[in-house]
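*Asks:* Quick note: the sequence shown, position 2, residue 488 per the numbering used here, numbers continuous.
Check each hint, because a few of them may be wrong.
DSS-like, lysine-lysine: derived pairs with alpha carbons at most 30 Å apart [to be verified]:
no. : residue 1 : residue 2
1   : Lys722    : Lys701
2   : Lys647    : Lys621
3   : Lys647    : Lys722
4   : Lys621    : Lys667
5   : Lys595    : Lys667
6   : Lys595    : Lys701
7   : Lys711    : Lys647
8   : Lys519    : Lys722
9   : Lys621    : Lys519
10  : Lys647    : Lys595
11  : Lys649    : Lys711
12  : Lys649    : Lys667
13  : Lys711    : Lys701
14  : Lys595    : Lys621
15  : Lys519    : Lys711
16  : Lys595    : Lys711
17  : Lys722    : Lys649
18  : Lys595    : Lys519
19  : Lys649    : Lys595
These are calculated hints, taken from the structure and not from any lab test.
It should be emphasised that the depicted structure is a prediction, and the values quoted were computed from it without experimental measurement.
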Amino acid sequence: MYQHVMSMALCLSLLGSGCVPSQGIRSGQSADKPNPMLDTSYSADANLAYVVDPSTSKARRDQVNFASESASQRTRDLAHWIVSSGDHHQLPFAIVDKINAKVYVFNAKGQLNQAAPVLLGLASGDYSTPGIGNKPLSRIPPAERTTPAGRFVSAMGHNHKGKAILWLDYEQSLSMHAVVKGTARDRRAERLASTTPRDNRISFGCINVPVDFFKQVIQDQFSGKGGIVYILPETKEYGGDNHNPHAVAANAD
């Protein structure tokens, strides 16, 4: 019941604050291309993070400047497409790269604010088992602990414990929040601080970020009118199929 009440209240808040305006498309080379999230033609090389050397690169006007931040080609292409197409509706937005376990946050003008490592669902996959949002955490097997891909209209709110949280899918409790302690064997803080994304899969589906990053970046950018969170897929099965953009996810963890 609590989830349904929160869902209704937050959805009404989004509509009232204009968070779901009509689509605005601008012309540009990136805008003419299909949504990179749905493109299955990307090779594995497109998922390798790299840093562009400003002295050797010639950026187009519609390209987003990642400065010295490491990012994959898929992440860069999606950012360029979002800004060129106006898909973010002039709201702040974030891109979650599951393969590299990293989130990039942009302001309403499409300028990179900051990036940080993330913890994600234990299992790989871009969809979740139907009805998983209503299961207690103890009844969610490891294979079902996925972080779904998609485009999520998001807003700041609170969980059932009163802690600040960025809601991505209200009914199914998919959220982004400051890293939780979890059990001792989870080693969540240690996983976030590691230099490799290989140990960043531990949650039941929600996206955990560093505490300071959540307070100083997520809350700062997404308070008020909210914003859009894009979660890049990690499997070819997702490409071209956007029937479930707000895919089911597990309880906040």
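*Asks:* Are Lys711 and Lys647 close enough, with their CA atoms no more than 30 Å apart?
*Replies:* Cα-Cα ~23 Å, so holds.
*Asks:* Holds or violated: Lys647 with Lys621, Cα cutoff 30 Å?
*Replies:* Within the cut-off at roughly 18 Å; holds.
*Asks:* Assess, step by step, whether the Cα of Lys722 is no farther than 30 Å from the Cα of Lys649, and give holds or violated.
*Replies:* 35 Å, violated
*Asks:* Does the alpha-carbon distance linking Lys595 and Lys519 stay inside the 30 Å limit?
*Replies:* Holds - the C-alpha atoms of Lys519 and Lys595 are around 20 Å apart, at most 30 Å.
*Asks:* Given the proposed pairing of Lys595 with Lys667, does the C-alpha separation stay at or below 30 Å?
*Replies:* Judged against 30 Å, a Cα distance of about 34 Å means the pair is violated.
*Asks:* Given the proposed pairing of Lys722 with Lys701, does the C-alpha separation stay at or below 30 Å?
*Replies:* 34 Å, violated
*Asks:* Take the C-alpha atoms of Lys649 and Lys711, compute the straight-line distance between them, and say whether it is at most 30 Å.
*Replies:* Holds - the C-alpha atoms of Lys711 and Lys649 are around 19 Å apart, at most 30 Å.
*Asks:* Is it true that the CA of Lys647 sits at most 30 Å from the CA of Lys595?
*Replies:* Measuring from Cα to Cα gives roughly 33 Å; hence the hint is violated.
*Asks:* Lys595 and Lys701: Cα distance at most 30 Å?
*Replies:* 21 Å, holds
*Asks:* Are Lys649 and Lys595 close enough, with their CA atoms no more than 30 Å apart?
*Replies:* Holds. Lys649 to Lys595 sits at ~29 Å (cutoff 30 Å).
*Asks:* Quickly compare the C-alpha distance for Lys649 and Lys667 to 30 Å and report which way the hint goes.
*Replies:* 14 Å, holds
*Asks:* Verify the proposed pairing of Lys519 with Lys711, using a straight-line Cα cut of 30 Å.
*Replies:* Holds, at roughly 28 Å.
The structure shown violates the earlier hints numbered 1, 3, 5, 9, 10, 14 and 17.
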